[in-house]
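Enquirer: Sequence:
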Amino acid sequence: MNSSILFYIIIAILLIQFIIETVLEYLNAKRYTDVVPSELSDVFDKEEYRKSQEYKKTNYRFGMVSTVFSLSLTLLFLILGGFEWIDTIARSYSDNPIVIALIFFGIIMIGNDIVTTPFSYYHTFVIEEKFGFNKSTKKLFWTDKFKGWIMMMILGGGILALIIWFFQWAGTNFWVYAWALISVFSLFMNLFYSRLIVPLFNKQTPLEEGNLKSKIEAYAKNVGFELKNIFVIDGSKRSTKANAYFSGFGKEKRITLYDTLINDLEEDEIVAVLAHEVGHYKRKHIIFNLSASILLTGLTLFILSIFINNPEVSLAIGVSQPSFHAALIGFGILYSPISEFTGLIMNAMSRKFEFQADDFAKKTFAPKPLITSLKKLSKNSLSNLTPHPAYVFVHYSHPPLMSRIQNLKA
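Those letters in the sequence shown? Residues 3 to 412, by my numbering.
Possibly wrong hints are sitting among the right ones.
Below, a list of computed lysine-lysine pairs in the BS3-like style, where the Cα atoms sit at most 27 Å apart [to be verified]:
no.: 1; residue 1: 239; residue 2: 284
no.: 2; residue 1: 284; residue 2: 377
no.: 3; residue 1: 378; residue 2: 365
no.: 4; residue 1: 48; residue 2: 59
no.: 5; residue 1: 411; residue 2: 381
The calculated label-pair distances, taken between Cβ atoms and stated as ranges, are [unchecked claim]:
no.: 6; residue 1: 285; residue 2: 81; range: 42 to 52 Å
no.: 7; residue 1: 392; residue 2: 90; range: 39 to 49 Å
no.: 8; residue 1: 21; residue 2: 186; range: 37 to 47 Å
No lab work stands behind these hints: they were computed from the structure.
Each residue gets a CB set at the ideal place from its N, CA and C atoms; glycine is no exception.
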């Protein structure tokens with residue numbers, strides 16, 4: 003298949019994905035004014051529901067503008083030879099393929115982040131501020147941005163350099179070594195993310211002694227869940243939205259509570275949320291997700307190894323001198339339909355796992371505090387209570403609130 007055909011396939015993929023996403027967003031937006039189901043009538047009062055509708059409509063309009071901008075930028079790059087221009091700049095600094103690739107992706111990643119920063123800035127300090135969610139400062143916003151760049155350069159650049167070195171050393175068999183590298187890195191991050199990465203952005207403190215900790219420890223003991231690490235994270239310095247998550251396994255497993263969660267929920271509701279997280283661990287969801295991610299990475303790298311030596315893939319994005327880094331960009335777009343399909347499967351599994359974790363919390367603790375906690379969290383985040391089924395199918399990793407409550411009451 004020649005580069006011209008591949009070029010038009012790439013353009014078609016980008017446009018079809020945009021059309022599908024636009025239709026899904028439109029269908030979802032049409033439901034913003036739906037009447038709230040009677041089971042959820044106690045989530046919002048009239049004024050809060052009006053605010054929730056306005057928040058969703060504002061994000062819908064903002065999302066459409068940012069998506070059109072992103073698509074336009076990508077199409078202009080492809081049509082006007084933007085990737086060739088960046089490749090020429092990168093090659094002017096070095097003849098080493100690894101250095102060229104690092105400069106090439108560095109310019110693209112940081113350049114894209116600079117261009118899209120006004121959108122994230124507006125979303126944080128205008129939209130989130132207007133609806134009472136933003137607690138971040140401009141200093142914190144820019145500090146997070148620069149820390150993100152440094153991490154991307156160190157971790158992303160290091161992994162990319164090793165993958166290209168594998169390619170130079172092993173040829174098309176590079177995917178086996180790259181797969182092993184990424185698998186080890188994924189396991190390491192799953193184990194030590196909260197210990198090594200989170201402290202760069204947030205302060206974590208052990209949950210203080212008291213009634214809440216005693217209730218959590220009593221529940222953990224009751225279900226045979228060894229729990230020594232319970233931390234509170236200062237999420238409130240960026241947003242009023244609440245969360246809790248489970249990370250790691252073995253001796254490194256820990257539960258992290260946002261301080262906003264502790265402020266928003268009653269003690270039994272917090273224990274119910276943690277029971278849900280313990281359910282994920284007990285039902286082996288974390289191991290499944292990690293294993294599935296590693297297998298999908300292996301499949302992706304294997305398919306990449308078939309295409310990476312084809313010069314037409316580089317030429318298709320307008321780069322005249324075929325290379326690993328240029329082919330990687332072209333492959334990324336060509337592979338995206340497969341990625342979308344596997345994403346649908348993973349989302350469906352995730353929604354199933356959420357029901358199973360809810361069931362675990364219901365059986366080992368109680369359904370009522372979990373129901374009330376879900377309602378409070380939905381209210382505080384102004385979430386969509388009436389999403390369109392098609393939008394849920396494509397995008398939701400968690401079932402809608404209504405479905406979860408019906409399951410908990412069953």
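Enquirer: Now tell me if each hint is right for this structure.
Expert: Hint-by-hint comparison with the structure:
1. Pair hint residue 239 plus residue 284 does not hold up; C-alpha atoms about 32 Å apart against a cutoff of 27 Å.
2. Taken as a hint, the residue 284 and residue 377 pair is honoured in the structure, with Cα atoms around 25 Å apart against an allowance of 27 Å.
3. Taking the CA atoms of residue 378 and residue 365, the gap is about 21 Å. The hint holds against a cut of 27 Å.
4. This hinted pair checks out: residue 48 and residue 59 have alpha carbons roughly 17 Å apart, not beyond 27 Å.
5. For the hint linking residue 411 to residue 381, the alpha-carbon distance of about 20 Å falls within 27 Å, and the restraint holds.
6. For the pair residue 285 and residue 81, the supplied restraint of 42 to 52 Å holds, since their beta-carbon distance comes to about 48 Å.
7. Look at residue 392 against residue 90: about 43 Å separates their beta carbons, and that is inside 39 to 49 Å.
8. In this structure, residue 21 and residue 186 meet the distance hint of 37 to 47 Å, their C-beta atoms being roughly 39 Å apart.
In the structure shown, a violation is registered for the earlier hint numbered 1 alone.
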